[in-house]
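Asker: The residues making up each chain are set out below.
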Amino acid sequence: MTLKINEPKAKESTMAKAVQWIGAPLDRADGELKTTGKARYAADFPLERMVYGVPIVSPAASGSLIKLEVEAAEKLPGVLFILTHENAKKIFPIQNDFGTATKLAEGRFPLQDKKIYYAGQYVGLAAAETLEIAQEAARLIKVICKEERSALDSEEELPYSYFPDNNWGTPLPVIRGNFEKAFSNTEVQLKAVYTTPVEHHNPMEPHACTAVWDGDNLILYESTQWVVGARNVVADALGLPREKVRIISHFVGGGFGCKGFVWPHTLLAAMTAMHLKRPVKVVLSRSQMAAGVGHRPATHQELSIGSSKQGKLTAIKHHTITQTSFLDDFLEAAGGPTQSIYSCPNLLVSYQVVRLNHGTPTFMRAPGECTGLFALESLLDELSYTLNLDPIELRLNNLSDKSPEEELPWSNSHIKECYELGSKIFGWKERNPKPKTMKRKGFLVGLGMATAMFPGVRSPGAAKVKILSDGTAEVLSATQDLGTGTYTTMKQIAAEVLRISPHRIVSKLGDSSYPPAPVSGGSMTSASVGPAVKSAAEKAIEALIHISIKDSSSCLYHLPLEKIHAADGKLVYQDDPSKTEIFEEILKRNNLSHIEGESFVKPDNSAEGYTVQSHGAQFAEVEVHPLLGQIRVTRMVGVFDVGRILNQKTARSQAIGGMIMGIGMALHEKTVYDPRTGRVVTDNLCDYLIPVMADSPAVEADFIDKPDPRFNSLGVRGLGEIGITGVAAATANAVYHATGIRIRDLPITPDKLLKWL
Amino acid sequence: MRAALSTLKFLEAGSLSHAFKIMKTHPGIMPTAGCTDIYVSLNFGTLKVREFLNLWGLSELRKIQMKGDYLSIGSLATYTQIIHSDSVKKWIPMLIQASSSIGGMQIQNRGTLGGNIGNGSPAGDTLPVLAAAEAVVVLGSTEGIRRISFNMFYTGYRKNAMNPEELILSVEIPRIKSQQWYRKVGTRAAQAISKIVMAAVLSKDPEEQQDPRRIRIAFGSLAPTVIRAFRTETALAENGNITEAQKTLLSEIQPIDDIRSTALYRQTVAANLLAEWWGKVSPRSLIKS
Ligand SMILES: Cc1cc2nc3c(=O)[nH]c(=O)nc-3n(C[C@H](O)[C@H](O)[C@H](O)COP(=O)(O)OP(=O)(O)OC[C@H]3O[C@@H](n4cnc5c(N)ncnc54)[C@H](O)[C@@H]3O)c2cc1C
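Just so you know, the protein sequences line up as chains A and B, in that order.
Residues 2 to 758 in our numbering are what the first sequence lists, from first letter to last.
Residues 56 to 344 in our numbering are what the second sequence lists, from first letter to last.
Excised from the complex, chain A in its bound form (with noise of 0.2 Å):
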């Protein structure tokens, strides 16, 4: 069912008779400061001396530099420097580490050397009194290089790949049973190769960062999903001590991945900074984005499937080409979904990497999950027409209590019940299972189905949280809000703790100097700030019950502790609830300002021996114009098992943004490289597609909403990713379904499917 719930209600809990406000559908704490215009960006600090920093970029895609040539630029008035090679401040070397906070987006720093790996690479940048000034400067410039051989088409570099052997720790290829032998014996054989092209994250906001220095302190607003891998990044490679840097985010328009780990630009105007010693404002046109700040890099998936003719899977190959740059050796891991879901005695699952002149590619929403499931779940697809099942039956028969990866339970998984929930609200049942026999108006109609999933990921977070003597309330945390709801669910942990509203705390994130948190990626923010949150709270009731009982004027003077708690805005006695006392009142009369709990929470062994992760069953109906090609999707719906939400109202647009992202995926989006050059063509909205307003059909989500307490102390999974996880295989599947035309290579466009109408 959807949730139409537009006041704020929290549910009553009948124990404690106290208002549940983790899981009520508030309206976003930072709604209003977006739609008024108030909340300030990355961009949107308006400093005094502001200079303006745009990058000069290579033409070429490979080869070195020989010179820039700057006269012309440096004679404009209101010009201020051209930072180059040849005067750029030496960098540091750095860990560039995951573990320890000190990851680089791209494994080499800018400006010092000649080296050109790819088109659109910074090579300089101009800095002026006006971004028209720089602009100008920056056109003025002329770029002179010694061009080499570029590596710019897959095919041809494949000699030249390598085979990675391991992903993240895990040693590469994963391998069980015997797949050769399983596959040669097995009853039903399946082949197919799936293709996925290059995707930018294109966020409606730009890369941006306005460098300020304060004597040796540096503050950076920086639009990033990590606050303190920045922190961390720029101090070490400046060479100065972490706590001279501070890195504000407070408000992120959209990520994806690409806002992960600190590329170049941000250096670039640090440097620039450091030298006028004016505050540097550096903001990338759409077109640099399509260059420098990471893709989703291409896939080629050759997948090879055995099942018994009831359909029980007994092999699966599954081998995934895919490409990186020459700076790192980036993996989009399509395989993961194949090794994780479904029980299969004989698997296995490889990669090949080639190495392209282009940009150093990085996560994307589901990096990995969503190509592979593209693949996978269509190959299930076309098993089943096949075996002559219903699609979900095939999923069900291959599904087990144990993680196949791990061979471990799972520490909760609600699968089966995303199904079932998804194909009752769906109508799945009303679907003819023949394919080109439902039409409507004109149109030929598909439904069709696949399932989603993402791993239970968690890190390290910390967060402080402060009552204030005037009965309100602060968390405090260096995570960072990129859109998806976070100022607004850690207030709900804390009021949920504290037992006052969440409408009398603040969330403040952002910011570098708050308590550490880990990067707004891999869906962990919700499970890894989450509990240091409620645990930060829960200190902070502790502190002022301390405080309490030691203070002869209390009415709590003296009494246990254990039988003092939190309710209703008071603290109050077990055992005589006539016994209370105000929070503001307790700080008040002890002339405290305010009595804070901090909490640095560290993924703890209750989950050891389990598999954690999140599951879904997700739905597409599509409409196909018989004579144009032309696809549409009209339905969606997905029902996902991601352990408690925290608000209902956040989680669903969550849920729903990645699933009208999967559309895009689906029928849309595609980077097109000019092959000549390596520079991107699609390097604008006008010609990178992504959908509007009139592609996104009724779409549904819902949850299962049962918390997974064996991974943290609130049973929370987060969901930032797996609502795109299933989308482009269940409208490919739908499109069949419609049309009996199978298409294996993203995006389906009218032209893929005109072919065969």
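It is worth saying that the hints were derived from the structure and are not from the lab.
It cannot be assumed that every hint is accurate.
[To be verified] The calculated SDA-like cross-link candidates involving lysine to any residue, where the alpha carbons are at most 25 Å apart (straight line), are: (1) A:Lys753 to B:Lys214; (2) A:Lys425 to A:Glu383; (3) A:Lys756 to B:Asn296; (4) A:Lys442 to B:Pro148; (5) B:Lys103 to B:Lys214; (6) A:Lys756 to B:Leu319; (7) A:Lys192 to A:Lys756; (8) A:Lys76 to B:Asn296; (9) B:Lys103 to A:Leu141.
With chain A's structure known, arrange chain B with the ligand on it following the hints.
Answerer: Chain B with the ligand only, in chain A's frame:
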């Protein structure tokens, strides 16, 4: 790289005759209407022009009015204006369909019919409508006013028959007694540059259908300019055989592969659109099939 706006010169015309004079005395100057095309090319850094003449204030170029037996639409009329005009609705509803399919609301508020014509993109969505309507473009300069048939207006890819100092004043649309048809095909449902666009008119009277001038078919995105499919029209008028007409059409168009579509798709869909239209609107084809 984006052109710096401070390097641009922007002149303002106080009246139409003033505008004519500026066009005459400033060779190379570019007139601007809603700027929805011009600003895109400035942003991409592909426009070399640095001097512009702002026409936006010339309200006499914004009128939509009946003039005897034709409808005159001023070149500065915006899509929003066209969409809400009763005269356009009565006279040439397919222009409303085309206008409603253009961009989003913001673009419809700023973009003008004259700008669509002046820009001359082969994918311009109103152009097939004007071609099928046999519109007349009214041009003006210090030399006076002249009229040119829309179907003679384009001379090549983004080239037209205007003299450099001329302005587009209005478009005149004669009465269309026939049934109008408009179809835009894009990859996404809105905000899409057309993969292919078609406009056609056909008389409801079976007798008249045999007169080639009663059948008019125009396509966008299938050739370097918007095209009238004259030979296809004749083929349909002569024998009404759609399969033959489809063959003729394919010999008349020169679609290309680009990032929006493939030539093969454009050929197939052009032929399919023709058949769809003919099947729906031609009483003769209905009787025959
Ligand atoms: C986001 C977006 C979406 C769009 N979607 C569509 C779409 O769906 N379909 C479509 O067809 N177009 C689309 N366009 C293109 C554009 O909006 C139209 O072509 C529009 O009609 C241009 O009108 P304008 O007044 O803005 O022209 P301008 O940009 O002012 O001018 C365009 C050209 O015409 C010339 N010109 C303008 N007026 C005159 C005149 N009176 N005399 C002589 N020359 C003149 C100018 O010199 C210039 O060369 C879109 C543009 C954008 C930015």
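Asker: Okay, which hints does this one fail, numbers in order?
Answerer: Of the numbered hints, 1, 8 do not hold.
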